[in-house]
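J.: What follows is each chain in one-letter form.
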Amino acid sequence: MKFNININNYEAFWIDYLDGNLTKHQENEFMEFLEQNPLIAGNLIDVEDFKLPVYEKEFPEKSALYNNNQIENLLIAKIEGTISSENDAFITNKIKKDRKIANLYSIYKKTVLVPDTKIVFPNKKSLKKTVRVPLFRYVSAAAGMIIILAVSVYFLNINIKPINNETPSISAKLKHTIHNQHIKDSFTNDEHKILTPINNVNPETNTSFAKIENEPIKLNVPKRLQLHKVTKLDYEIAFSTTNIMEYRNDLPPPQKQNQFVEYTIEYKKSKKENKFVAGLKNIVNLSKEVDVIEKWENIKKKKEEFLYTNLEK
Amino acid sequence: MKSKEYNIIVDKHADGLYRFILSNIKDEFKAQDIVQDSFERLWINHESVDFTKAKSLLFKIAYNRMIDIIRRDKRITNSDEITNRHADSNFDYQQLELREIINNALEKLNDIQRSVILLRDYEGYTYEEIGEITELSESQVKVYIFRARQHLKNYIGKFEEVIK
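Protein chains in written order, with the numbering used here: chain A, 38 to 350; chain B, 37 to 200.
Okay, chain A solo, but in the shape it has when bound (with noise of 0.2 Å):
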């Protein structure tokens, strides 16, 4: 590859010659540029110059030998950071000792510019740009949550079923079957301590009255119900159940028999809520659960309020 070392250039090829950066090739050709300009070569440096380095170890005043404009291009280089050791070692130690030089350094120094950080740009933040997102754009993201919106409320509801014509509700009825029930002719007082003897006999008709105590009841039903578009968790129950018993003194007990006791939750929807409003609420509680189990307890215990009653009576 030609290297076009012209007059515009010559001055680089000669720092990176002395820089000893030049390839083989490119300073065979920046030797011929200055061979074809000799008043180029002549102001650079003096043809003998060039043989210098070859001889560097048997002549140790080589500096003399450098001209001006050889010194200043190894001074502009030093303040560039482009020169390399070998000449820095060698421009160095002229700065050191000759003072004419130092004083060239030090002019040359003076020409590294230094930027007032006091200018500043005045109007800094009118450069700045920020995306904005059209209002268009919220405005149709707007309808577009609401319509999604306004169409679950509408899906949500549909399966709510309305009870008296007015109240949507939805029941679920829990159905059991007691075993091994067996009467006892007594029953644990509200303390559960004292065991009370059962001596109403009815006389007329030769029967009395007893509790019958069922095992420990569990419930066949799911743990946890979900709960679906429901809205209101009000909850009605209703059971019937004969767990007091009459029968008559002068025949045996009766056989053990499956009874069944069948209860119903209900849930109602308040009548005062809105379709609407009732919908939102159901998308915030379409995942929580009701807790069966709870309400169970409270189904066990109005059952045994209502045995107690009428047992006493």
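Among the hints, a few may not be true.
List of simulated lysine to aspartate or glutamate pairs, DMTMM-like, C-alpha gap at most 20 Å [unchecked claim]: (1) K165(A) with D51(B); (2) K155(A) with E64(B); (3) K161(A) with E64(B); (4) K155(A) with E133(B); (5) K165(A) with D73(B); (6) K165(A) with E133(B); (7) K166(A) with E159(B); (8) K155(A) with D157(B); (9) K161(A) with E41(B); (10) K166(A) with D86(B); (11) K165(A) with D86(B); (12) K162(A) with E168(B); (13) K146(A) with E133(B); (14) K147(A) with E196(B); (15) K147(A) with E159(B); (16) K161(A) with D73(B); (17) K62(B) with E334(A); (18) K155(A) with E159(B); (19) K162(A) with E143(B); (20) K161(A) with E165(B); (21) K155(A) with E164(B); (22) K161(A) with D51(B); (23) K147(A) with E143(B); (24) K146(A) with E196(B); (25) K165(A) with E76(B); (26) K147(A) with E168(B); (27) K115(A) with E174(B); (28) K66(B) with E109(A); (29) K155(A) with D47(B); (30) K146(A) with E143(B); (31) K165(A) with D47(B); (32) K161(A) with D47(B); (33) K165(A) with E83(B); (34) K166(A) with D51(B); (35) K115(A) with E164(B); (36) K147(A) with E133(B); (37) K162(A) with E41(B).
Keep in mind that the hints were calculated from the coordinates and are not lab data.
Following the hints, put chain B in place on chain A, whose structure we already have.
T.: The following block gives chain B in isolation, referenced to the frame of chain A:
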């Protein structure tokens, strides 16, 4: 480059660019216009510009814009400039501080020399980067910097001789 990155470029380089342009053309309003215009152009293309290259591109845009303005103004005010330069020869050097001397010396450089040495010293660009901004070869950049330093040295030296 994202808008956030563009704003980082504004924060980091607006002042430096302004100083660079102002040092070249010595006209605050024109310098502000060039900086404003350059950032505007950078913003228009910000999505296709790599953040790491944004500074170089910014300076390149500003440099080209500045050269256009300098060329245009030279055509208009060439005769005025000659008169002003003539008046410069009567400077009272002793009253000038070094910064002012260097600023005056900078004015004496030709446009390219001034630009390359400012990019070198103010922004610390390498010869190669300066070449990319000014669309010069690396060798040309070296030569221009070399000559610029010699001119500055001569000017400062002349001043120092006067005050001795």
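J.: Next step is simple, just say for each hint if it's right about the structure.
T.: Here's how the hints hold up against the structure:
no. : hint                 : in the structure
1   : K165(A) with D51(B)  : holds (13 Å)
2   : K155(A) with E64(B)  : holds (14 Å)
3   : K161(A) with E64(B)  : holds (14 Å)
4   : K155(A) with E133(B) : holds (17 Å)
5   : K165(A) with D73(B)  : holds (13 Å)
6   : K165(A) with E133(B) : violated (36 Å)
7   : K166(A) with E159(B) : violated (24 Å)
8   : K155(A) with D157(B) : holds (17 Å)
9   : K161(A) with E41(B)  : holds (15 Å)
10  : K166(A) with D86(B)  : holds (17 Å)
11  : K165(A) with D86(B)  : holds (18 Å)
12  : K162(A) with E168(B) : violated (28 Å)
13  : K146(A) with E133(B) : holds (16 Å)
14  : K147(A) with E196(B) : holds (11 Å)
15  : K147(A) with E159(B) : holds (17 Å)
16  : K161(A) with D73(B)  : holds (13 Å)
17  : K62(B) with E334(A)  : violated (91 Å)
18  : K155(A) with E159(B) : holds (16 Å)
19  : K162(A) with E143(B) : violated (30 Å)
20  : K161(A) with E165(B) : violated (25 Å)
21  : K155(A) with E164(B) : violated (29 Å)
22  : K161(A) with D51(B)  : holds (8 Å)
23  : K147(A) with E143(B) : holds (16 Å)
24  : K146(A) with E196(B) : holds (14 Å)
25  : K165(A) with E76(B)  : holds (9 Å)
26  : K147(A) with E168(B) : violated (27 Å)
27  : K115(A) with E174(B) : holds (18 Å)
28  : K66(B) with E109(A)  : violated (36 Å)
29  : K155(A) with D47(B)  : holds (15 Å)
30  : K146(A) with E143(B) : holds (19 Å)
31  : K165(A) with D47(B)  : holds (9 Å)
32  : K161(A) with D47(B)  : holds (8 Å)
33  : K165(A) with E83(B)  : holds (15 Å)
34  : K166(A) with D51(B)  : holds (17 Å)
35  : K115(A) with E164(B) : holds (18 Å)
36  : K147(A) with E133(B) : holds (12 Å)
37  : K162(A) with E41(B)  : holds (15 Å)
In this structure, the hints that do not hold are numbers 6, 7, 12, 17, 19, 20, 21, 26, 28, in rising order.
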